[in-house]
Amino acid sequence: MGELTRPFRIAILEDSEFYNRLLTRQLESYTAAIALDRDMIFDIRSYLHPDDFLINLETDTDVAFVDYYLGDGVNAQQLLSRIFQRCEDCKVVVISQARNVRISAVSLSHGAYAYIYKDRQALPRSCFLVEDIVNAKLSA
Amino acid sequence: MPSFLRNIENERNGVHHASVEFNSGHNVSKPVKSRFTFEFGIISLLVVVAGIVVVTGWLAYERFTSLVASVDEATRPDMQLLAMEKVLTNLSEAESAVKSYSITREDAYFTQFYETTVRTDKQIESLYGFLEADTASAPYLDSLHALVDEKFQVLNDLLILKNQYGAQQALEKFLAKVEQNAGADTSRLSQDTLITNKTAAVDEQEPEKKKKGLLARMVDNLFSKKKPEQPQPPDTIEQAVATPQTDTTGGDEQIAMAEINKTAQEIRRKEAARDAWLKRQELNLWEQDSKVNKRIRNLFDSMKEEGNQNLSAQAKVAEAGVAQTKQLIAAFCIVAALLLMIAAFIIFAYVRNNRRYRKALGRAKIKAEELANAKERFLANMSHEIRTPMNAIAGFSEQLGQSKLSRDQREQLDIVQKSADHLLHIVNDVLDLTKLRSGRLKLESIGFKPRDVVNEVVQLMLPSAGDKEVTLEAEVSSDVPEVVIGDPVRLRQVLLNLVGNSIKFTPIGAVQIKVELSRTSGKKALLQFSVMDTGVGIDRTNLKRIFEDFEQGEISTARYFGGTGLGLSITRMLIEAQNGTIEVDSEPGKGTTVSVLVPYKVGTAKDLPEKTELARETVPRNLKVLVVDDEPFNRKLLTAILEKYGMIYTEAGNGTKAVELATGKRFDIILMDARMPEIDGVEATRQIRKAGVEIPIVALTAAVTAEDKKAYESAGMNALVGKPFKEAELIRAISRLLEKKENLPAAPHEALPVNQSSANGKFDVKELFRLSDGDDQFFREMLETFITSARETLTKIQEAYQRRQWEEMADAAHRLCPPSRHLDAHDLLASLKEIERIGRSKKGLKRLEELVNQVEFETQAVISGIMELPEYRKQEA
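As you go down the protein sequences, you meet chains P and D in turn.
Going letter by letter, the first sequence gives residues 1 to 140 in the working numbering.
Going letter by letter, the second sequence gives residues 1001 to 1877 in the working numbering.
Simulated coverage check for chain P against chain D, where a stretch passes if three residues somewhere in it have a Cβ under 8 angstroms from a Cβ of chain D:
{"#": "1", "region": "19-31"}
{"#": "2", "region": "128-137"}
With a cut-off of at most 27 angstroms between alpha-carbon atoms, the simulated DSSO-like pairs for lysine-lysine come out as follows:
{"#": "3", "chain 1": "D", "residue 1": "K1636", "chain 2": "D", "residue 2": "K1726"}
{"#": "4", "chain 1": "D", "residue 1": "K1442", "chain 2": "D", "residue 2": "K1710"}
{"#": "5", "chain 1": "D", "residue 1": "K1524", "chain 2": "D", "residue 2": "K1601"}
{"#": "6", "chain 1": "P", "residue 1": "K137", "chain 2": "D", "residue 2": "K1690"}
{"#": "7", "chain 1": "D", "residue 1": "K1657", "chain 2": "P", "residue 2": "K137"}
{"#": "8", "chain 1": "D", "residue 1": "K1833", "chain 2": "D", "residue 2": "K1404"}
{"#": "9", "chain 1": "P", "residue 1": "K137", "chain 2": "D", "residue 2": "K1665"}
I should point out that these hints are in silico values taken from the structure, not numbers from a laboratory.
Owing to the predicted nature of the structure, the values given are computational and were not obtained by experimental measurement.
Positions of the beta carbon are idealized from the N, C-alpha and C atoms, including for glycine.
If we strip away everything but chain P, and leave its shape as in the complex, we get (with noise of 0.2 angstroms):
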């Protein structure tokens, strides 16, 4: 299996603070142990305005985990095509309350790499994803 030379990193855009800082903690936690088995860094960076988030997009973000409903009529599937610009190679996980199933299809069809309904297994989803992806860039 390969390594990763630069930290993993991991970007959050969620608006609702309490929600926003829920899942980067739920993902610090699952990606600290990650990172002891794997000897890697990880690097989360949580932000509540789209705005911020593109603006500190790094280049070689890994993963963006982006609320659907980002407030001020602005949706992740706006979003996307910034994300990819900045960042090619990045997966973004659009995560939304909505179960809705044309939305997420749409997502999915922008390019995003996953869609995670936001429900009490929200958090630990998007944890086994980071895993995934993790697991994924080392086998490469």
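We have chain P; now place chain D onto it with these hints.
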């Protein structure tokens, strides 16, 4: 079927009661089929054949023995003839001796003759010895004996004759000498001298007795003074010399000499005549001898001829015997062969039929086994198919029961739960019956307290009794052992069934459970469990039938009281499986007493299993659980339970996905359904174990047969929780497994006590506490964040509502939903979601005012509740 019916006098009021005692299982009478016909026939046939063979063999043996004897006799040299040959030889020798003697006058030949006669005599005696075995030859032997005697007589006569002749010759010589010596003084010749030269007249042989030896007879004749009455030879010399003689001298000498010469001349003349006579006699004797020889030869030839004829006859007889024997043997062989063929045909037919029957039996056996297996599979499948949805019914009923419900909802849910329990009970009954029937029920042998079991039964049945005006009591005698070794589960099942029946059939009154020590011997105790009720009782005619499958006494019983009728049947079989007995005393209208006697080994406290009850709170939090089940609602039930315990779960809908996830990610435990399409749980477990993943795997399944359990164990599963399961059972199984695991996820902080998770019941911070992973600071910050967010959101909603900015209002409501969800603020969440829906769709706007007010109320309630939490108050402090 009861083995016998026994009447017991009831002490109550002297009314005759019927009781039925069961001591054993089923009495099956097998039809006795005579099996002796074929075997008897075959054996008889074979005996006959063997007899024929033996008789044939014996006959053949006898015939061939006689044939061999005949051949032996035929080939054996005829001793008679040999003896006769010897006799003839001897006769020849004798004849030769006589001839030789007559020529040579040597005594040796004379001796030879007599020796020959002795030998011949002996041979004739031996011939007579042979006669004992062959009486037909007796006349021949007699004739031979006579002829031999005659011959020897002739030869003897010849000898005598020759002797006489010899004497004559001696006399001639004497006379010659006398003449020569004419001048000699012959006076001295005396009578004595002459007499000494006398020859004896040979007597004719008298006919002798056969038994007297020939030699003896001949010697007698030779030296006998008895003269035979035969023609006398001429005057003897005695007579010739009997003339007185004068003794003179001188001239008288010449006269004497002349007289002597005259006498000599006379003698010479007489002797010449005698000589001629002797010769004639000799000739006669030789002729006679020749005749005797001829006759002997003829006799010999006759005897030989007869011997040959006998031999020929014997040969013919032997031939005939052989031919007859051959025919007999052939006949017997044909008969034996026929019989053997018949026997072989019968045996072949029997073997062929036997093989056919065996094949048919084998096929029937295979079919029966297949049917039995199919039946078992059907039951297992049916059990699985029933238990699987029942798992969802029972499980979600349990989960619903833990949530807030109105009174009506709780009553309805209670009915659902009871119905599910009842249905499960029926399924278990059917499975138990099958296991009992097939002898596959395995009884436990563990230590338990009978008092505890009885108390459990009472506790379980009290509600049922309480629903009716029935009192339920239990009494355990003080001499009942504290601990016994047996199967407490089955005892409980029996008592529950009996008590359940008593309560069911007692509209009003009392049910009592009594436990007594019936008998004890050494380490064994016979316990009597009696269940007495004052119910409707059972009619005597129905008493026999109630323990049969699907029987309930009266037909109307099922309609009125319900039930499948399996309970007592199963109860009876369970008791019998434990080597116990069951008795029923009943009187219609008065009540029923059921007495169960079960033998147990007396145990001690050491025999009791360790209690492993674990509280909910000891389950480690943040466990990563892989949930594998192809049924979505089963997964939903499991995840609902796991969420409550703060576990992080991942779902997989099939075995393939399960293997992929388990080998790719880290989990603490896997909950695996056993039966899934494509790769089932057992195969998935094998593959996971093969990949080197050692995490505990719990089989969560409705398939709980003995074979299934073996399969789970051998595949590598660590525990089994049968569907439908209670939440506590699942958590207990997980806890037990993880207690055994070495590297458990750390749970440094105790879980939040239930009474501290929600001050006013409007929310629950356990989830948040779990997600905080023991970080109190984070926990408090999150609470604070929620309060801030909630207040902001409420303001935004209200403002947006005022400004009729529905999207904005929806966005605000949307934003607060996830936090509300994580705080289990269900009422608030529901209101927020409704506002978001209306705001987005712009439909139902009229309800918005109410909803906005509701959101305000709920938000304030949650905030105030959070602020009352001790954890939050610590922060403030």
